[in-house]
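Given chain A's structure and the hints, the job is docking chains B and C onto it.
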Amino acid sequence: MKSNKFWQIWDRAGIFVALLALVIILAIINPDFRKLPNLSNILQQCTPIGIAAIGMTFVIISGTLDLSVGSVMALTACVMVSLINVVGFYSAFLIAVTLGFCLGLINGLIVTQMGVQPFIATLGTMWVYRALAYIYTQNKPMQSADASFVTWGEHICYVPSLFVIMVLCYLAGYFLLYHTPFGRYVFAIGSNRRAAILSGVNVARVNLLVFALVGFFGAMAGAALAVRLWSAKADAALGYELMVIATVVLGGTSLKGGSGTFAGTFGAAILFTVVYNAMDMFQVQSYWQKIALGGILLLALSLDGLRRKRTIG
Amino acid sequence: MLLMFRLIAVILPGTMDPEILKLEHISKFFPGVKALDAVSFDVTRGEVHALVGENGAGKSTLIKILGGVFSQDSGTVLFDSADIRFKNTHHSQQSGISVIYQEFNLLPHLSVAENVFIGREPKKLLFLNWRKIVQDTKRILEQLDVSLDPKILVEELSVAEKQMVEIAKALSFKAKLIIMDEPTAALSENEVQKLFAIIRTLKAQGTAVLFVSHRLKEVFAIADRITVLRDGRFVVTRSVNETDEKEIIRLMVGRDIDTLFSKDSTYSKSTVLSVRKVNIQNILKDVSFELRKGEILGVAGLMGSGKTQLAEALYGLLALDGGDIFIEGKRVNITSPKEAILLGIGFVSEDRKSDSIFPELSVLHNMTMTILKRLTRWRGIVLNFFQERKSLQDYTARLDIRYQNPHQKIAFLSGGNQQKVLLARALAADCRLLVLCEPTRGVDVGAKAEIHALINELAKKGVAMILISSELPEIIGMSDSCIVMHHGRMAGYLNKTEMTETNIIGCATGQMTIGLER
Amino acid sequence: MNQGRFWKLWERFGLLFVTLVGIIGLSLTSPNFLTVNNFKNFINQAAVVAIAGAGMTFAIASGSFDLSVGSTLALAACVGAKTLIGGSVAASIMASISIGLGIGILNGLIITKLRVPTFIATLAMMTIVRGIALIYTKGRDINVITEPSKEAIYKFFGGGYLFSLPVPMLFMAAIFVVFYVLLKHTPFGRHVCAVGSNEEAAISSGLNVDRIKLIVFALVGLTTAVSAIIQTSQLMGVNGGTAGLGFELQAIAVVVLGGTSLSGGRGKLFGTMMGAILVAIANNGLNLHNTPIFYQYLVLGLILLLAVSVDGLRSKFFRPAGTWAER
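Protein sequences appear in the order of chains A, B and C.
Just so you know, we're using the numbering used here here: the first sequence kicks off at 429 and counts up by one.
Just so you know, we're using the numbering used here here: the second sequence kicks off at 4 and counts up by one.
Just so you know, we're using the numbering used here here: the third sequence kicks off at 37 and counts up by one.
Just chain A, same shape as in the assembly:
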C-alpha cells in the first residue's frame, strides 16, 4: 500500500528528509542562512544537546528515562570551569567527565540497588544535582579566560572542532550500541526485561552502565557548553532534559524501548538547532521559541501516535 511505503521511508530516514527540506527552504528564503559562518555556527550550537542525546538514546532504548541530564551538565560544567585556573584545562576536563560518570553511577545505584523507578529516581537527583550546582557556585557564575577555550571553540575550514568531537562521540556510541554485546543487552532489556534475565544478562550491571553513560556524555555536553560560553552557571541547561529527550524521540527512538537509531538522534539534534537558528534569524522572540519547541514536539508525536494507530488496527 502506498501509505505503508511512506511510513517505511519515514521510519528509516524521515528525520533527514525533513532536515534537508528545511535547510533547503531556509536557504532559499533567507540569504543570510546560506552563509558559511552561519552554517558553521549551527554545527557548533548543536553540540551540547547533540552529545547529551547520545547517552539518552541508550537510556531510552533500555526502556527508561533519565531526567537528571540537564543538572549533570550544569554541575559538571561549573566544576570544570571553576577548576581550570587551578589544575589547567585538560585536568579540569577529565575531572568533570569523571564526575559526570559518577553522578550517573549514583543514579544507576539508586535504581538498581534501591529498586526505585528511574523516573522518580532521576526526578529526585535532577534537583539534588542542581542544588549541588547552586551550592558549589554559591549562585555565582564561573568564568575563565583560558586559551584552550579559544582553541576548542575554533573551526577547521568552517567545521567547528566541537562538531568534530560530537561526530567522534556519535561514532563511539554507535560502535558501543551495535557492535558490542553490551549494546545488544541494552536492546534486550528494553525489549523484555524478564527474557533478558533468563538469557543470562546481568541486568543490574547493564542498567548501571547505561546511567553512567548518560552522566559521562552529559559531562562531555557540559564541557561543550562551557567552551561555547567560556563560563558556566548553576542554572545552565535548565530544562534541557526535555530537549534532549525530545531529540531522541523525534529521531525515531521509541519511548517503549527495544528499538532505536543513532542516526536519527544525530539528525534530530541538527534539526532542532536549525529551527532555533531560523527562529533567531527571523527575530522570533525567545518566549515564542519556547512555544514553537513545544508545538513541534506535539506535532511530531501526534504523527507518531497516528502512525502507531494505523499499524495496530
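No lab work stands behind these hints: they were computed from the structure.
Take these hints with a grain of salt, some might be off.
Claimed, not checked - Below 20 Å or equal to it, Euclidean Cα-Cα: the simulated SDA-like pairs (lysine to any residue) are:
{"hint": "1", "chain 1": "B", "residue 1": "127", "chain 2": "C", "residue 2": "223"}
{"hint": "2", "chain 1": "B", "residue 1": "37", "chain 2": "B", "residue 2": "106"}
{"hint": "3", "chain 1": "B", "residue 1": "126", "chain 2": "C", "residue 2": "223"}
{"hint": "4", "chain 1": "B", "residue 1": "412", "chain 2": "A", "residue 2": "686"}
What the hints assert, rightly or not - Have a look at the derived ranges for each label pair, beta carbon to beta carbon:
{"hint": "5", "chain 1": "A", "residue 1": "663", "chain 2": "C", "residue 2": "44", "range": "37 to 45 Å"}
{"hint": "6", "chain 1": "B", "residue 1": "240", "chain 2": "C", "residue 2": "39", "range": "58 to 66 Å"}
{"hint": "7", "chain 1": "C", "residue 1": "181", "chain 2": "A", "residue 2": "530", "range": "45 to 53 Å"}
{"hint": "8", "chain 1": "B", "residue 1": "342", "chain 2": "A", "residue 2": "606", "range": "23 to 31 Å"}
Said to hold, decoys possible - If you only want the chain A side, here are some residues facing chain C, beta carbon under 10 Å, derived:
{"hint": "9", "residue": "465"}
{"hint": "10", "residue": "667"}
{"hint": "11", "residue": "716"}
{"hint": "12", "residue": "730"}
All of these numbers come straight from a predicted model, not from anything done at the bench.
Don't be surprised by glycine CBs; every beta carbon is placed ideally from N, CA and C.
This is chains B and C only, laid out in the frame that chain A set:
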C-alpha cells in the same frame, strides 16, 4: 432439552430457536491472510460446545468477532434469533455474550465485587451503594457454589479464583453464551474438576458454553458437541459420543499423527545432574534425584506443588536454603542464570510471551542472546556478525526453524517456530542439561509432534533433560523416569513401568507415595 | 518485632512518624518553630502543594501524571493577578479557574485524541504554557496593587483566618475530604482506579476511558488553579517566568511520598496531604535556620529519594516467596 426447544419452535415460530448462536458464512480478512473463510455452525441453548483447531485455524478470530473486538467482513451472526453485528465489546456483553480470555480482563487493584459490577454499579444518589454491590456479588457467587469474600482485591486471588470472578461477571450480565478461551491452561486437576462442575451448573441453568481448548481429553469430558476448524474453514461438527480423540486430531490436522509421543529408551550411565535434599523455605523440601546423560526426567504435580520453582532453582533464579546440587560430580552453587548458562544448563520458560521473546528484535538476535560473549573478537568486546549468522544457520538446520530471513522480527513467526528459536537459544550455550517448562503449551498438534521429535533427537545425542509438564500423556510418553511433586515435597520417584496416570495423579494429590527409597 | 511487622507498621505510620520526628527536632533546635505564626506559615505553604497534589493523586491513580502543573500555576496566577488589578475579585478567581480547567482539558484532549504519550504531551504543554505566561507578562513581575478593599478580600484566601484556623488549611481539608469521597465512594472514582489498574480491561468493560482521563486532567488543572490563587494571595505578586518552577516535581513528589504508586490503580489521598505537610515543615526548618533558598531543592530531592528508596527496599522484602523478578 432439545426436544422441548423444538416443540416451542414449532408452536411459536421464530421466537425461540433451539440455537442460541448461529454463524452463517462468516469470513474475515487481514492483510495477506484469510483468517476465516465462510465458517458456519451453530450452538444450541444450554449446550457445552467445544471449538478445536490448530493455532492459526481461526479460533481466536472467531472469538474476537463474537466478543465485539471487531466484526466480520461478510456473513451473518444470529444470536438469540436476532441478526446482530457487535459494535464493541460492551455491546457484545450487554447482548448476552461473555468472553473469558486466557489473560483475564480484570482490574487487580479493585475488589471482586467492583470487578463484577464495573461500569454498572448500583448507586445511592451520587454514591456507590456498597451494601447492594456486596450483596449482589455474594448472591451470584453462591449460585456458582463458590465461597469468596467480595471485598478481597482481585490481585490477591489465585488464577482459579480469578476465573471464578470472570464467570461471576458473565452471570451478572445474564449471559446466554459464555465463551471460554483455554480455561484450563493454568489450572490444576482439582481446579479443572471444580470448573467443570460450574460449567454443568451453568448448563442446567440454560447458559450455553463455547469451550475453546487444545486439551482433547478435557473436551471429551465436558462437551456435548465438538466443532473442528482448520485453516480458517469449518470442517465438521460432531457429537462427542460419535467420535474419538484420534478422529478429531485427524480432522484438525488433515493427516494422521499416530505416535504423538514416543521416546527411545537409550541413555548412558554417566550422571549429569545430582540433586540432594534441596530445600527452599516454604517452597521445596528434601528434593533429591539423579539425571544421566540422554535421560529425560519428567516432573509432574499440581499447581503450587513446586515443580516450576524446582526448575527455577536449577537455573539460578531462586536461592537454595539447603541441600546440594552436583553437575557432573562437581558441587555447584548456581546464583544466576548467567552462571547456569556457563555450567551448561539451558532453560525454556513456560510463558513465551512475557518471559522469553524479545518482540522488537530479529530472529537472529533472539537466538543468539545467550551466547553473545563467545561470538566476539578482541577479548569479548566486538561482536562477530559472521559467526553469529553461522550459529543461527546451524540451529535452523538442526531444529528445522522456518522464517523468511534472519533479520525478520520474531513476532512474525508462528508459535511453534518461536518455541524452536527459544529452544535453539537454550541449546546454543553447550547445553548438557536442558530444563523445559511446558514446552508444548499453546502449540498446535502438528508443531507439538515436531518438538517431541526434537526432544527425542536431543536425548539421543546425549543432552539430559528435565521436562516439566501438566499434560500427563506428554510426561508418560516422553520421560524415562519421573518425579511427582506434592506441596513442595517429592511424593513419587517413578520409573518407566510405574509411570501410569493413576500413579502420577495419586502421588500429586498426596494419596500415595512411590519410589521414595531411591 | 520481626521484619514483617515492622514494614506493615511503616506502611501505615512511617510518614507520620518521620513528620513527628521532624517537628520534635525543629522545636528543639529553633525557638520560633512552635509558634502559632510559624504554624500558619508552614501549613499555608503545605496547602499550596497539597491541593495540587490532590488532583495529581487522581492523575497518578489513573496511571498518568501531569508535568505541566508548574506552568499552569504560573499562567493561572498571572492571569488572576492582572484581572484582579483591573477587575473584581470574583472575576479574578473565575479567570484563574478557567485557565486551570482549560489547560487541563487541553492536556486531556492531546493525550486522548491525538494519542501523544502522556510524558511528552504534558512536557510540551509545560514549555508552551510557560511561553504564554512570559508573553502575557512580558517577562516582568506583576505586583497586585489595587483598591485596599479588593486586596483585603483577595488576601483572605492565602492568609486569612476562619474559625481561628488558617483559610488555606481549611481549603485543603475540604478539598481532601471531597476528593476522598470522590475516589472511594463514587463510581467515577472507582473507574479512575480501574483505568490505572488495567486500562484494556477498563475499555472492554465499557468504561469511557477517554472521558475519564479528560475529567482527571481537568481536575488536575482545577486544583492547580486553586493552588495558584492561594499562592498569589500569599505573595500578592507573581512573575511569569519563575512562578511554579519545579512545582510539578513537588506535586508528584508528595503524591509518591504519600504512598501512591506510580503504576496506578490506587490513590492514597491522606498520604499526599501528609507528604505535603512533611515537605513544608522541612522547608520551614531550613528557613528558620536561614539557609539560602536553593537548599530547599536539595532537601526536597533528598526526602523524595529517601522515601522511595525505603519503599523500594520494602517491596523487595514483600516480594512473594518464589518469584524472581517484578512482572
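Going through the earlier hints one by one, which of them does the structure break, listed in rising order?
-> 2 and 9
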